[in-house]
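For reference, the chains in residue letters:
2 protein chains.
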Amino acid sequence: MAKQTHVPLLLDLFRQFGYDGVTLSKISEATGLGKASLYHYFPGGKDEMVETVLVALEQGLEQIISDALSCKGDALTRLQTMGDRINQAYNGGHKPCLLAALSLGSAKAVFQERVQRLLQRWIKAIATILIEAGMAEELAHQRGEDGVIAIQGALILAQGLNNPSPFQRVIQQLPSQLCQGL
Amino acid sequence: MAKQTHVPLLLDLFRQFGYDGVTLSKISEATGLGKASLYHYFPGGKDEMVETVLVALEQGLEQIISDALSCKGDALTRLQTMGDRINQAYNGGHKPCLLAALSLGSAKAVFQERVQRLLQRWIKAIATILIEAGMAEELAHQRGEDGVIAIQGALILAQGLNNPSPFQRVIQQLPSQLCQGL
DNA sequence: TTCACTGTACCGTTCGTTCGGTATAATTGT
DNA sequence: ACAATTATACCGAACGAACGGTACAGTGAA
Numbered sequence: 007m008a009k010q011t012h013v014p015l016l017l018d019l020f021r022q023f024g025y026d027g028v029t030l031s032k033i034s035e036a037t038g039l040g041k042a043s044l045y046h047y048f049p050g051g052k053d054e055m056v057e058t059v060l061v062a063l064e065q066g067l068e069q070i071i072s073d074a075l076s077c078k079g080d081a082l083t084r085l086q087t088m089g090d091r092i093n094q095a096y097n098g099g100h101k102p103c104l105l106a107a108l109s110l111g112s113a114k115a116v117f118q119e120r121v122q123r124l125l126q127r128w129i130k131a132i133a134t135i136l137i138e139a140g141m142a143e144e145l146a147h148q149r150g151e152d153g154v155i156a157i158q159g160a161l162i163l164a165q166g167l168n169n170p171s172p173f174q175r176v177i178q179q180l181p182s183q184l185c186q187g188l
Numbered sequence: 007m008a009k010q011t012h013v014p015l016l017l018d019l020f021r022q023f024g025y026d027g028v029t030l031s032k033i034s035e036a037t038g039l040g041k042a043s044l045y046h047y048f049p050g051g052k053d054e055m056v057e058t059v060l061v062a063l064e065q066g067l068e069q070i071i072s073d074a075l076s077c078k079g080d081a082l083t084r085l086q087t088m089g090d091r092i093n094q095a096y097n098g099g100h101k102p103c104l105l106a107a108l109s110l111g112s113a114k115a116v117f118q119e120r121v122q123r124l125l126q127r128w129i130k131a132i133a134t135i136l137i138e139a140g141m142a143e144e145l146a147h148q149r150g151e152d153g154v155i156a157i158q159g160a161l162i163l164a165q166g167l168n169n170p171s172p173f174q175r176v177i178q179q180l181p182s183q184l185c186q187g188l
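Line by line, the protein sequences give chains A and B.
7 is the number of the first residue of the first sequence in the numbering used here; add one for each residue after it.
7 is the number of the first residue of the second sequence in the numbering used here; add one for each residue after it.
Any given hint could be a false lead.
Note that identical chains are pooled: a pair holds if it fits in a single copy or bridges any two copies.
Said to hold, decoys possible - Derived EDC-like pairs (lysine to aspartate or glutamate); straight-line CA-CA distance at most 20 Å: (1) Lys32 to Glu57; (2) Lys101 to Glu119; (3) Lys114 to Asp18; (4) Lys9 to Glu144; (5) Lys114 to Asp53.
Hint data in this document are derived by calculation from the structure and do not stem from the laboratory.
Given only the sequences and the hints, what does the whole structure look like? Please build it.
Written out as structure tokens, the structure is:
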């Protein structure tokens, strides 16, 4: 079985339990691999596993952005496309965000930079869509932040309330809110 | 030294590192108490420490709500008052949220109910302010959710970007956004 | 034969927790 | 008033369990 096969499992573990909450036993159980096998695929241990998951996440985000930008239509349509993909990635709000999980605990110091770059990339992508539709740069950047904030916050609320409906409402309303004033 | 003396320290630890990331050694170092002494104040161990912090947080939130509701003025003024207190509680966006931290890892199963009640109380308080100002109930409840979502999301972003400015902007803009349509 | 892969046994460290105890302050019985 | 008792605050040392990680001898397919 290839290394990449286990990445989705690792993603689910780290986003649910955070870096400090994920133990090698849990990983071993979830993947069905013994510790020796895990260290065969990830010689760098836990850190390399997170690293791998982050790379996959970067690619996933890049794909979502590419889908949205290549989408024929106005800004609203593009943002709706992005919303669809995001909704899918978070399983309709049932799954928390890895970026939030990695901003806590011992992980923060180690992965801060990567998380930062990912968030900035995401914000920039939303801003780009709005700028291309004619919005002023500064406002578009703020809207980009607002978009990521709404999604992250909605995920927190969905987790905390154990109820995905706030996330679904946000995902649905967000595109038109971001386009406000265009 | 009384038990309550250590609660702010514990709050800071748990919100920064999460339940799984906080070790008794860290707590011992932060409080200056030996591990054995910690069990004098908190016989229930780590869980009782979180419990105590959560009780303090409930009281803090209740105080903020009471301040906002007892504030003479329109809904905007009341929400601004709440924003001020919230801003203070999160140290201008420099400190993350305990509720988000406790929604991850092994803590989730244990403290889910308490976190849920706290979030619902917060949402309800915002909604109440808006309803008293004449907003329709359903919309007001949505706005309550939106308010908490914006704050939680902004805190995540502030942590992830290592930059509190998005949080400060959100806190500043939020009251008028929530009053939109009144 | 080679090499990716795995099971088993281990390493040192740290985890949350408990035990047995000390020093001091407060309370009580006489 | 004073001694006996009890409560409070604290700590060093140790517990078994689990931690992240390593060493190594297989195993089985190409």
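Each hint tested on the structure:
no.	hint	in the structure
1	Lys32 to Glu57	within (18 Å within a copy, 26 Å between copies)
2	Lys101 to Glu119	between (23 Å within a copy, 18 Å between copies)
3	Lys114 to Asp18	both (18 Å within a copy, 15 Å between copies)
4	Lys9 to Glu144	neither (42 Å within a copy, 48 Å between copies)
5	Lys114 to Asp53	within (12 Å within a copy, 23 Å between copies)
In the structure shown, a violation is registered for the earlier hint numbered 4 alone.
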